Amino acid sequence: MTKITVQTDSGKIRIKLHDEAKAPVVTGPTGVEPLESSKPVATNSKALLLPTRLINLMEIRAESGFRPNEEDVEIVYALSGSVPNTPDMLHKLSSQTVVEKAAEDHVISSVRGMIEHIIKERSSPPRLVVGVHTHPQGVPKPSDKDNRYFRNAFGTIKSLVPEAYVLFGVHAISSESIRERLEPTKISRNAIKWSSITREHEIAFYTPESNTYEVKLVE
Amino acid sequence: MSNSIEKLIALLKADTSGEELAGLLNELLVDDRKRDVLLVKLDEIRKEMSTLSSDVKLTKSEEVVRSIVLGNKKPLTAQEVAARVGDEFRSLKHVNHASVVLNSLVSKGAIGKFKLGHNYYFTSPKEAVNEQLKRRGETPHESDWTEIARETGMPLATVRDAIKELLV
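Top to bottom, those sequences are chains Y and R. Oh and the first sequence: position 102 is 101 in numbering that gives the first Met the number 0, straight run, nothing missing. Oh and the second sequence: position 33 is 32 in numbering that gives the first Met the number 0, straight run, nothing missing.
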């Protein structure tokens, strides 16, 4: 069973959707996307184990930054986990306390604000933090600015959550056109590619030193 | 106590949201004006529910158009659907007629619809709801079903089913 929030004319109501195939309920406050895992995940893997069920939430978050007749802007979101190699929550980070400015080629966000949000939304410090930003109509490779950001953000994150394993993701999204949905596939050591019915997505993961970090898709 | 009231009590007790439902009903039933509106709304809901899932009746034309839309891997416009119709349904080759049938299918929850640029595209209800969530900046875990239903023209229950599918 999954708890979701449904907006109505008179406010918000919480609804519990029954799901016969799922594990016990995991809930989170507004802005957090909890992921229910029905299978135990290995914690000794040297790769990031990315559950396929998170991909759709990443797709929605990445594409929701675009507005008709407005230029595409970069957005940020984060993945977090209670073990060092498996994310189990997506954090939208759409609050102005996290995102200070978003433009076509850069986004200015508060690392401290991001971590405060994650801790609040998880109710405890995470063991894994993956800071992700998008590259609209770009490639999933960090720019020189991104490399500097990774190093600086890593220092701030470790000072706030010393136990957390820290990685970064660059999520490239194509321009909008009608296309066939393609399921997520691993296309290189550190990158996953898929398509929605309107945009192509490619996300790659990096260490704070901007080295590639292996990713594996898991159910 | 009547059978219906006893059954309602049992259902509320067994429901994980029973306490919330009972609270809402209590709040609405103590006021005559709210009670009357509730009755009208419940009747509307019953009518909407009767057009869903297994109760949905499709005409031959609708069945043809539905299979074209759902059989195609990419979303289609009304023009593209009209161009794919076989000779046995000549009237569907007219875009206006194809549009009427497509929108009827959307209102029955058999297919979904979303707008991109100046065109409306027809696809599965799940993909249409997914697209609308993106346009609204919402997620499956937190969304406005009523607005999505209004914007896509799909029944509320179809939106609910699509959201549930997206959560899996």
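One or more hints might be untrue.
What the simulated footprint calls covered on chain R by chain Y, stretch by stretch (three residues with Cβ under 8 Å from a Cβ of chain Y suffice, anywhere in the stretch; the number is not a length) [what the hints assert, rightly or not]: (1) 72-82; (2) 94-100; (3) 119-127; (4) 138-147.
Just so you know, the hints here were simulated from the structure itself, not pulled from any lab data. Predicted, not measured: the structure shown is a model, and the values here were computed from it. We put the beta carbon where it would ideally sit given N, CA and C, even for glycine.
### Query
If you check each hint against the structure, which ones fail?
2
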